[in-house]
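Participant: Please put together the full structure from these sequences, using the hints given.
Each protein sequence line maps, in turn, to chains A and B.
Just so we're aligned, residue 1 is where the first sequence starts under the numbering used here, counting upward by one.
Just so we're aligned, residue 1 is where the second sequence starts under the numbering used here, counting upward by one.
For the record, the hints were derived by calculation from the structure and aren't laboratory data.
Worth double-checking, as some hints may not be accurate.
Straight line, CA to CA, 25 Å or less: simulated DSS-like cross-link-like pairs of lysine-lysine [said to hold, decoys possible]:
{"#": "1", "chain 1": "A", "residue 1": "K12", "chain 2": "B", "residue 2": "K44"}
{"#": "2", "chain 1": "B", "residue 1": "K106", "chain 2": "B", "residue 2": "K47"}
{"#": "3", "chain 1": "B", "residue 1": "K44", "chain 2": "A", "residue 2": "K23"}
So the derived list for chain B, only partly shown, Cβ under 8 Å to chain A, looks like this [unchecked claim]:
{"#": "4", "residue": "F64"}
{"#": "5", "residue": "E85"}
{"#": "6", "residue": "Y89"}
{"#": "7", "residue": "T98"}
Predicted model, so just to flag it, every value in this text is computed and none were measured.
Note that the Cβ used here is the ideal one computed from N, Cα and C, for glycine as well.
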Amino acid sequence: QVQLVQSGAEVKKPGASVKVSCKASGYTFTNSNMHWVRQAPGQGLEWMGIIDPSGDITNYAQKFQGRVTMSRDTSTSTVHMELSSLRAEDTAVYYCAREGSSWNSGHWGQGTLVTVSS
Amino acid sequence: QSALTQPRSVSGSPGQSVTISCTGTSSDIGGYNYVSWYQQHPGKAPKLMFYDVSKRPSGVPDRFSGSKSGNTASLTISGLQAEDEADYYCCSYAGSSTVIFGGGTKLTVL
Numbered sequence: 001q002v003q004l005v006q007s008g009a010e011v012k013k014p015g016a017s018v019k020v021s022c023k024a025s026g027y028t029f030t031n032s033n034m035h036w037v038r039q040a041p042g043q044g045l046e047w048m049g050i051i052d053p054s055g056d057i058t059n060y061a062q063k064f065q066g067r068v069t070m071s072r073d074t075s076t077s078t079v080h081m082e083l084s085s086l087r088a089e090d091t092a093v094y095y096c097a098r099e100g101s102s103w104n105s106g107h108w109g110q111g112t113l114v115t116v117s118s
Numbered sequence: 001q002s003a004l005t006q007p008r009s010v011s012g013s014p015g016q017s018v019t020i021s022c023t024g025t026s027s028d029i030g031g032y033n034y035v036s037w038y039q040q041h042p043g044k045a046p047k048l049m050f051y052d053v054s055k056r057p058s059g060v061p062d063r064f065s066g067s068k069s070g071n072t073a074s075l076t077i078s079g080l081q082a083e084d085e086a087d088y089y090c091c092s093y094a095g096s097s098t099v100i101f102g103g104g105t106k107l108t109v110l
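Facilitator: Written out as structure tokens, the structure is:
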């Protein structure tokens, strides 16, 4: 079955960067786009961006452009999301989500809590 | 780009029906049939309930239905059950390879 297993919780200081990983299994890794979505404590879901199967094409939400980089390693079936210049407002649970047929995600990682605190 | 507009909360008694609305614009909901709905229980990852407006993934009870009219999508739950109590999020393709979520609706089963 499809599984997305994310890296563990992180605590970072303001201004630092964080890289969250998402290891996929149970399907052909190069067949699906991957989305990243975050959720601040007590808040709603926020779409961050998408990376295509080859890793050559990415598209980021305007809010994160310049601060986020998504990449993928097909040899390990892993997708990465790096967010830089962290601030307190970036404290959130970050999810990877495999795209289904069309701009929807039927499989999600377990989430990675990133805490930004001085 | 603002989030899609959902009511903050809705409630209903067991057995009743509730509808959650999700209002966008002609640039997102109104422009594409790529509306999806997610259910999220506390501390859990979201679960896909509908995609392409009204297509139900396997395993989702047919008590749930999805629809769209113009710039507004709706999720209807009939025969409410206690386990339906959760947060619900709508989501739409918004063009230029971007996606937008609604602010979320907390469903309380009384």
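Participant: If you take the shortest Cβ to Cβ gap from Y89 of chain B to chain A, is it below 8 Å?
Facilitator: The hint holds - Y89 of chain B has a Cβ within 8 Å of chain A, the shortest such distance being about 5 Å.
Participant: Would you check whether E85 of chain B satisfies its interface hint, that is, whether its CB is within less than 8 Å of any CB in chain A?
Facilitator: For E85 of chain B, the interface hint is violated, since the closest Cβ of chain A sits about 17 Å away, which is over 8 Å.
Participant: Take the C-alpha atoms of K12 of chain A and K44 of chain B, compute the straight-line distance between them, and say whether it is at most 25 Å.
Facilitator: holds, 23 Å
Participant: Verify the proposed pairing of K44 of chain B with K23 of chain A, using a straight-line Cα cut of 25 Å.
Facilitator: Holds - the C-alpha atoms of K23 of chain A and K44 of chain B are around 18 Å apart, at most 25 Å.
Participant: Taking 8 Å as the limit, does the beta-carbon of T98 of chain B come near enough to a beta-carbon in chain A?
Facilitator: holds, 6 Å
Participant: Taking only the CA atoms, is the gap from K106 of chain B to K47 of chain B under or equal to 25 Å?
Facilitator: Distance of about 15 Å is within 25 Å: holds.
Participant: Does F64 of chain B pass the interface check with chain A, least Cβ-Cβ distance below 8 Å?
Facilitator: violated, 15 Å
Going down the numbered hints, you'll see the structure goes against 4 and 5, while the others check out.
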